[in-house]
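*Asks:* Given next are the chains, with one letter for each unit.
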Amino acid sequence: GDSVTQTEGQVALSEEDFLTIHCNYSASGYPALFWYVQYPGEGPQFLFRASRDKEKGSSRGFEATYDKGTTSFHLRKASVQESDSAVYYCALGDPGTGGYKVVFGSGTRLLVSP
Amino acid sequence: GALVYQYPRRTICKSGTSMRMECQAVGFQATSVAWYRQSPQKTFELIALSTVNSAIKYEQNFTQEKFPISHPNLSFSSMTVLNAYLEDRGLYLCGAREGLNQDTQYFGPGTRLLVL
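For the protein sequence lines, the chains are A and B, in the order given.
Note that the first sequence covers residues 26 to 139 in the working numbering.
Note that the second sequence covers residues 257 to 372 in the working numbering.
Don't read these hints as lab results, they were simulated from the structure.
Remember, it's a predicted structure, so these values are computed and weren't measured experimentally.
Mixed in with the good hints, there may be bad ones.
Unchecked claim - If you anchor each label on the Cβ, the simulated ranges turn out as follows:
#, chain 1, residue 1, chain 2, residue 2, range
1, B, Leu372, A, Ser83, 43 to 51 Å
2, A, Ala103, B, Glu343, 38 to 46 Å
3, B, Ala311, A, Ser76, 22 to 30 Å
4, A, Thr95, B, Pro328, 39 to 47 Å
5, B, Glu343, A, Arg101, 21 to 29 Å
6, A, Ser83, B, Leu338, 20 to 28 Å
7, B, Ser295, A, Leu136, 31 to 39 Å
Stated by the list, open to error - Simulated coverage check for chain A against chain B, where a stretch passes if three residues somewhere in it have a Cβ under 8 Å from a Cβ of chain B:
#, stretch
8, 26 to 34
9, 78 to 88
Beta carbons are placed, not taken as given, at the ideal position from N, Cα and C, and that holds for glycine.
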């Protein structure tokens with residue numbers, strides 16, 4: 026079945042550092058890819074999406090480019106802030122036969138220190 | 257913008273009792289609602305998918321007898337956890353999608369279920 030792999034369980038950075046969180050997917054065709062962010066005590070918040078090869082999604086300074094060749098959708102931000110500390114989930118959309126569902130990666134906890 | 261509310265935010269129930277949780281879409285029509293459970297280890301499990309004018313589809317390991325769902329209109333869905341036990345604890349999330357051709361699911365804040 027479809028799956029999403031996030032290799033980093035936790036990333037610790039200082040403010041103004043460059044961020045990369047790796048995301049690779051396994052699915053047939055061109056699934057829609059998403060990044061969500063989850064803060065403590067909250068549900069996952071939609072950040073952005075992409076659905077075509079080379080399409081870039083972006084929001085709040087975060088960005089990721091859909092790469093069909095490497096089956097990746099890595100999250101990047103040029104300069105992180107302490108307020109970016111949260112858990113980030115890469116996900117893909119699976120139309121399936123029973124209705125549309127979202128398959129989440131395992132999440133990456135980002136800790137940004139001042 | 258697309259907002260999803262869930263109620264209650266947190267609930268505690270005794271082992272063997274049941275509790276109902278609600279999901280409300282505001283600002284858009286939720287043609288499709290998905291219920292997930294996020295475990296204490298933060299992994300997501302899809303419980304069921306509910307699409308307007310279609311039967312509710314439950315994932316393996318989840319049944320209508322245990323997690324009955326109601327999706328009476330395009331803005332509201334509810335799910336009940338029947339006979340809750342310790343393994344049912346977690347954060348129950350409602351994800352709503354606007355339009356059958358839209359692929360983005362918007363999530364509510366979740367209902368955290370604690371079972372004593």
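*Asks:* Against each hint, give a clear statement of whether it holds in the structure.
*Replies:* Now for the hints, and whether the structure bears them out:
no.	hint	verdict
1	B:Leu372 / A:Ser83: 43 to 51 Å	holds, 45 Å
2	A:Ala103 / B:Glu343: 38 to 46 Å	holds, 43 Å
3	B:Ala311 / A:Ser76: 22 to 30 Å	holds, 27 Å
4	A:Thr95 / B:Pro328: 39 to 47 Å	holds, 44 Å
5	B:Glu343 / A:Arg101: 21 to 29 Å	violated, 38 Å
6	A:Ser83 / B:Leu338: 20 to 28 Å	violated, 43 Å
7	B:Ser295 / A:Leu136: 31 to 39 Å	violated, 21 Å
8	26 to 34	violated (count 0)
9	78 to 88	violated (count 0)
In terms of the numbered hints stated before, the structure departs from hints 5, 6, 7, 8, 9, listed from lowest to highest.
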